[in-house]
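4 protein chains.
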Amino acid sequence: MFLHINPNNGLAIYDQIVRQIKFSVASDGLYPGDLIPSVRELAKELAVNPNTVSRAYRELQADQVLITIRGTGLQVTQNAPETCKKDRTRLLSNRIQSVLQEASQSGLTRQEIDQIIKKELDRLDKKKSKNSSTESKES
Amino acid sequence: MFLHINPNNGLAIYDQIVRQIKFSVASDGLYPGDLIPSVRELAKELAVNPNTVSRAYRELQADQVLITIRGTGLQVTQNAPETCKKDRTRLLSNRIQSVLQEASQSGLTRQEIDQIIKKELDRLDKKKSKNSSTESKES
Amino acid sequence: MFLHINPNNGLAIYDQIVRQIKFSVASDGLYPGDLIPSVRELAKELAVNPNTVSRAYRELQADQVLITIRGTGLQVTQNAPETCKKDRTRLLSNRIQSVLQEASQSGLTRQEIDQIIKKELDRLDKKKSKNSSTESKES
Amino acid sequence: MFLHINPNNGLAIYDQIVRQIKFSVASDGLYPGDLIPSVRELAKELAVNPNTVSRAYRELQADQVLITIRGTGLQVTQNAPETCKKDRTRLLSNRIQSVLQEASQSGLTRQEIDQIIKKELDRLDKKKSKNSSTESKES
DNA sequence: GTGGTCTAGACCACC
DNA sequence: GTGGTCTAGACCACG
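Residue numbers (this note's numbering), protein chains in the order written: chain A, 83 to 221; chain B, 83 to 221; chain C, 83 to 221; chain D, 83 to 221.
Mixed in with the good hints, there may be bad ones.
What the hints assert, rightly or not - Which stretches of chain A does chain B cover? Using the computed rule of at least three CB atoms under 8 Å from a CB of chain B, they are:
hint, segment
1, 94-106
2, 183-189
What the hints assert, rightly or not - From chain C, some residues computed to sit far from chain D (all C-beta separations above 10 Å):
hint, residue
3, I118
4, P119
5, A125
6, K126
7, A129
8, P132
9, R137
10, R140
11, T150
12, I151
13, L156
14, E164
If you are wondering where the hints come from, they were derived from the structure by calculation, not from laboratory data. All residues carry an ideal CB built from backbone N, CA and C; glycine is no exception.
Model the full structure from these sequences, guided by the hints.
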């Protein structure tokens, strides 16, 4: 699938799954009516316990992003894109906010903070272009 | 003292104490030789369990930022400023990096991410100026 | 046919089919010798997986309510009415019992529970009369 | 504590715990600020796996009935009574409704249904008085 | 001590 | 095959 689990970024695995599926719905990687990978399938792919995936899916149901089709699987709901787009900004803003708050209290000037952010964004861009070139090689 | 604890920003309380004390040393809020508040005192001020403060101090000793003066308390070490300045950038960069990584994977464009960051920075600026005006009232 | 499936009332679909067919036999909606709809037919009508209907029919055969007539289909047995009438009261009593037990443990007074029951019964009466008027329109 | 788990009433154990704790808050068995039994404690008392209790508590947090006090336990929230009272009626009404709906479709007359309900309520009353007499003996 | 997370593996009902 | 539930037991962070 399309998920990248990073065990050391402070977020629980199940939470990373929840967030990334929401993000995927928000950015047109998943559409209403799509069946998402089965619990066992995704668990195998992420090398993670099925219960962990199951828990993530359960939360996504509680958040009205998924519904179960009995004996069939889990489906993206009709209003998922809307709620997920809202959630995406909210979830990211929350994390960004608390990080920036700490940075701001750290005694660094806004200039210095901007510099760090720029540096990390550039690093990401490099990583991305490296990945996409890798993908081109693969294709 | 000068610490602001936020129980819901994902960081453990003890970790917030550690980081903020390091930041304070790095930004000339604390100098080598300064005695820091006792465990009980700080715990009371932050409305936090003394064990939590104790653990933070323990880590700061392990990182050579604090040193015990027998019968007196904990003192900022001579080379604390140097190590803390290094730590500050590293600690902040790490957090910023993992947040930006998630944002980047979320499907938002770099422009949109920049916009969120700008918004949150502005919000912080407002908050800061409000606080400083409050402080002036208090003084 | 005469079945109303509600996927969210806690009972499995196949179980709802089993119960409602028994109820229908008990209340003279189906008579001994009647042929019931084929698995495919009923599955299509209820928009349900044929396996689900199949399972319901299997249980009804095990309970001696239905019997296979080779090359013809499933037929209501001779003693079905008798057993279904017993079953009807038993099945309903069981469900009612466990619900009332929970209600009783909930801290509500018997009066309050009676009130809720009355309210829900009234709601059903309204629904019923609305349905029957709809049915008259259809005829 | 005050919980009675019935493994055969169709509801999952974790769900019974959730409902009964809500009921307990609604009926003044638990008050805002109260610390509820620890996961391990309740699990032991109910002879149930700690994870099952943990899951129930997690849902109660999601429903804003409980909040975690880190390293201390779970506390009943301030607005819990209000939300729980609403929930109590809603949860019971839902179950009662679906049971009565089935009863109504079963071909029994309203009189017959009333009779069954009365019978089961009486049975509960007897059980209750027996329990309370048992309790008096014990005291 | 507390709750939170994760793993491993089992059984169930349903389709 | 699917998801849902439960058990057993482990490890972690926190107070």
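The hints, checked one at a time:
no., hint, verdict
1, 94-106, "holds (count 4)"
2, 183-189, "holds (count 7)"
3, I118, "17 Å, holds"
4, P119, "18 Å, holds"
5, A125, "20 Å, holds"
6, K126, "21 Å, holds"
7, A129, "18 Å, holds"
8, P132, "23 Å, holds"
9, R137, "18 Å, holds"
10, R140, "21 Å, holds"
11, T150, "25 Å, holds"
12, I151, "25 Å, holds"
13, L156, "21 Å, holds"
14, E164, "15 Å, holds"
The structure shown violates none of the earlier numbered hints.
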